[in-house]
Amino acid sequence: MAIRGAGGGSIAVMKRVVALIAFFSLLFILFTSVALAQVQTQLRVIRASNVGQGVDPSLKELHNELKTLFNFTSYRLLRDENLILSLNQPVSISAREGKIIMQITLVGLHKNVAELRIKVTREGTETLNTQVRLSPGRTVLIGGSKVREGVIIYAFYAHF
Amino acid sequence: MKDFCSSISKLLEKYFDQEVTDKERLLVEGHLQDCPACQDALNSMEELRTLIKVPVEEAVQKEDFPWLWQKIERGIGLQEKQSWWQSIRFWLDVSPLFKKKVWIPAMATIMVLLFITTQIYFKKIPSYSGASVVEYVESETNNVMVYDLEKARVTVIWLFEEPEEEVSPS
Numbered sequence: 071m072a073i074r075g076a077g078g079g080s081i082a083v084m085k086r087v088v089a090l091i092a093f094f095s096l097l098f099i100l101f102t103s104v105a106l107a108q109v110q111t112q113l114r115v116i117r118a119s120n121v122g123q124g125v126d127p128s129l130k131e132l133h134n135e136l137k138t139l140f141n142f143t144s145y146r147l148l149r150d151e152n153l154i155l156s157l158n159q160p161v162s163i164s165a166r167e168g169k170i171i172m173q174i175t176l177v178g179l180h181k182n183v184a185e186l187r188i189k190v191t192r193e194g195t196e197t198l199n200t201q202v203r204l205s206p207g208r209t210v211l212i213g214g215s216k217v218r219e220g221v222i223i224y225a226f227y228a229h230f
Numbered sequence: 143m144k145d146f147c148s149s150i151s152k153l154l155e156k157y158f159d160q161e162v163t164d165k166e167r168l169l170v171e172g173h174l175q176d177c178p179a180c181q182d183a184l185n186s187m188e189e190l191r192t193l194i195k196v197p198v199e200e201a202v203q204k205e206d207f208p209w210l211w212q213k214i215e216r217g218i219g220l221q222e223k224q225s226w227w228q229s230i231r232f233w234l235d236v237s238p239l240f241k242k243k244v245w246i247p248a249m250a251t252i253m254v255l256l257f258i259t260t261q262i263y264f265k266k267i268p269s270y271s272g273a274s275v276v277e278y279v280e281s282e283t284n285n286v287m288v289y290d291l292e293k294a295r296v297t298v299i300w301l302f303e304e305p306e307e308e309v310s311p312s
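From first to last, the protein sequence lines stand for chains C and H. This note's numbering numbers the first residue of the first sequence as 71 and each following residue consecutively. This note's numbering numbers the first residue of the second sequence as 143 and each following residue consecutively.
Worth flagging that the hints you see were computed from the coordinates, not collected in a lab. Fair warning: there could be bad hints in the mix.
Stated by the list, open to error - Where chain H lies over chain C, by a calculated footprint (3+ residues, C-beta under 8 angstroms):
#, segment
1, 89 to 98
2, 133 to 139
3, 198 to 205
4, 210 to 218
Here a beta-carbon is modelled for each residue, glycine too, at the ideal position from N, C-alpha and C.
Chain C with its partners taken away, still in its complex shape (with noise of 0.2 angstroms):
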């Protein structure tokens, strides 16, 4: 008596395994490089003056390192932006309706440290062009800009 069996049926289910793995390891590969080629930097572009006392609300956590580099007696919020940058793509903010431009790009990214390069253009003249690397709880300020009773400072700050 002979006892056959059919095992076909396995085969072509490993193909499908196989190429379904595939797939989506693509897919995870490609998703993670893009998902890790971003960094979410946040931008705050504070007035500092001294006119008056007044320090913004949202600006306390700020205030300390504030005021043991400058002496400034008030502290105003102007702009709060949460900006999602990607590798090679420049993002432009602009002040005082266009006299001033800001372009931010993210020129690296590692596991803790954002690489961003700053150009600041003012009425079409670059003032400032510099490249900074960010990581977590550091701040960068870039400041100086004058504006009638005080300056301008930007704050930069990135989550990772």
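Dock chain H against the given chain C, drawing on the hints supplied.
Using the frame of chain C, we list chain H on its own:
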């Protein structure tokens, strides 16, 4: 007689499976009429088949073999040529994957891929914790000062500019 029996017994399995030629069938049937030993052997095969057949048939009744039907339909479809929509539906149907329990090696493969990807993205990338915060700074129009307040983890880039008009948020 015994030698003849041993030569017939080789044919007996084929006879039982109905795979003998007409000449062989006549030979076996002629021998079976006179040989109780070979009759017993044939009866044993019959009993064994019945013994196997009952549980197999019960199992078959419980199973609807959707995957087998899919295979048969696909085999027929090879001649008829499947439409692109049918092909997509076939590939998107994941039910056979769960039935065959292939998700175990699949999950293992995904875990390995996850591990490898994590290693590539996180471990091999250098940390810049010790490097300076400002890589470079330049200004053609103004003087610039860089100041690090390391305790507070604050870095200041200060532009020395002339006073301008009042600022207003855009």
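Hints the structure violates: just list their numbers, smallest first.
-> Structure breaks no hint.
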